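Visitor: Listed below are the residues making up each chain.
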Amino acid sequence: MEEMTLLQEIFDGLLGLGLLWLAWRSLACTDMFKAIVLFIAFGLLMALAWLRLEAPDVALAEAAIGAGVTGALLLSALAGLTSTGASRHEVEQPEGVEKQTGTLHRLPILLLMLTAALLGYAVLSLPSHDPGLSAEVAENLASSGVSNPVTAVLLNFRGYDTMLEMAVLLMALLGVWSLACVESQRDSSADPILDMLTRLLVPLLILVAAYLLWVGAHAPGGAFQAGSVLGAAGVLLILAGWRLPSRLTGWPLRLVVLSGPAAFVAIALITILIGGRLLEYPTEHAGTLILIIETMATLSIGVTLAALFLGSSPEHEEKQ
Amino acid sequence: MNMVFLYALVGVGLFCLGLHALIMHAHLLRKILAFNIMGGGVFLVLVALAKRTEEVAPDPVPHAMVITGIVVAVSATALALKLMLKVSEETGNAELPDERRE
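Line by line, the protein sequences give chains A and B. The first sequence lines up with residues 1 to 320 when you count with my numbering. The second sequence lines up with residues 1001 to 1102 when you count with my numbering.
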């Protein structure tokens, strides 16, 4: 048993060092492509750290969104950047400038070490035993309609956070669409291997998304994890050269994007009308209502993430 | 030192590394990477501190907050990257203008 804990301590130490080292390399190396790849590796190590901290829900979200979708977005932006002529490598500052500001150069480092010391002290001065709100969550879990405590917090106890988060996702998409005149993904003829792989992977990803959505009620999983897996399927389809048929890019696409926030707002309004409180579900219907919201949210998150990756609004794409 | 505080301190370290890069690098893509790493540090502190009491299961409230945070971070990143492409399209350079250097 003692050997086991020693091994775990060594693992924790190495993982911590690995995270810091990857972050530092990703921020310090001059080649942007390398920096992004290191950042994706950093995201995967973060997923391991979440597992060590007994947060499998966060680990799933990190692996799918933090490492997967963010990495795809960064790489596609880098490709856009090189095509507009900006350098892939960071411009090195001329030596003269460096020397001139030599003394000033030290100041940020000193301030930063002070910040690190203060933050470290603040973290270490917190009480070492504090169960937080876990007792309250466990007490009310029976009335939440689901048995996974994280899903209960996300969609019942703090449902309005999640509702506003759906709005943030929608706002980001609106922002991206309104900047649509930037040259978007070039249509490359799909590589046959990628095409084959996509045909195999997309149905599997849809199945995994459905499983994660369903299992989220009582085990790690849920709308965000399922939505991001669906988004990843969308990204694959876009990379393989597939586009929505033009009759679907107008209202139908916008309806799917809106379905998540709209279902949330509709159920919020109904709960206000019935019980007078925002998102306070009647206990006997809580499970069903959460499943409805989660299904709509999964679809809408998946489509929104894929649309964020595509960049320009679909109609604009048609005109090009 | 127990593992909770080890991970929390790694989180502090990531936040500071990110903050340093955010201030010192001019390239906008690097700033976006730095911002994501700062966010990762904050998430690590939150989730580590949720596990302080060994006897009971970790506090699910910070977990839910971090999941929300990850999704908000990816939306903000997508918008920031689009804005960066717009800047580089206008100026041919993925950096914000700096009066001192001109």
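The reader is advised that the hints may include incorrect statements.
Chain B side only, calculated, beta carbon under 10 Å to chain A, not exhaustive [what the hints assert, rightly or not]:
hint	residue
1	VAL1012
2	LYS1051
3	LEU1081
4	LEU1096
5	PRO1097
25 Å max Cα-Cα, derived DMTMM-like pairs, lysine to aspartate or glutamate [what the hints assert, rightly or not]:
hint	chain 1	residue 1	chain 2	residue 2
6	A	LYS34	B	GLU1054
7	A	LYS34	A	ASP191
8	B	LYS1086	A	ASP31
To be clear, the hints were calculated from the coordinates, so they are not data collected in a lab. The structure displayed is predicted, hence computed values, not measured ones. Ideal Cβ positions, reconstructed from N, Cα and C, are used throughout, including at glycine.
Visitor: Given the proposed pairing of B:LYS1086 with A:ASP31, does the C-alpha separation stay at or below 25 Å?
Guide: holds (21 Å)
Visitor: Mind checking the CB of B:PRO1097 against every CB in chain A and telling me if the closest is under 10 Å?
Guide: violated (13 Å)
Visitor: Mind checking the CB of B:VAL1012 against every CB in chain A and telling me if the closest is under 10 Å?
Guide: Holds, because the Cβ-Cβ distance from B:VAL1012 to chain A comes to roughly 5 Å (cut-off 10 Å).
Visitor: Given B:LYS1051 was flagged as interface, is its beta-carbon under 10 Å from a beta-carbon of chain A?
Guide: Result: holds, 5 Å to nearest chain A Cβ.
Visitor: Decide if the proposed pair is consistent with the structure: A:LYS34 and A:ASP191, CA atoms, cutoff 25 Å inclusive.
Guide: holds (24 Å)
Visitor: A closest beta-carbon separation below 10 Å is what the hint needs, so does B:LEU1096 meet it against chain A?
Guide: Violated, because the Cβ-Cβ distance from B:LEU1096 to chain A comes to roughly 13 Å (cut-off 10 Å).
Visitor: With chain A as the partner, please determine if B:LEU1081 meets the hint condition of a C-beta pair closer than 10 Å.
Guide: Constraint on B:LEU1081 satisfied, holds at 4 Å.
Visitor: Could you grab the alpha-carbon distance between A:LYS34 and B:GLU1054 and see if it respects the 25 Å cut-off?
Guide: It is violated: about 39 Å lies between the C-alpha atoms, which goes past 25 Å.
The structure shown violates the earlier hints numbered 4, 5 and 6.
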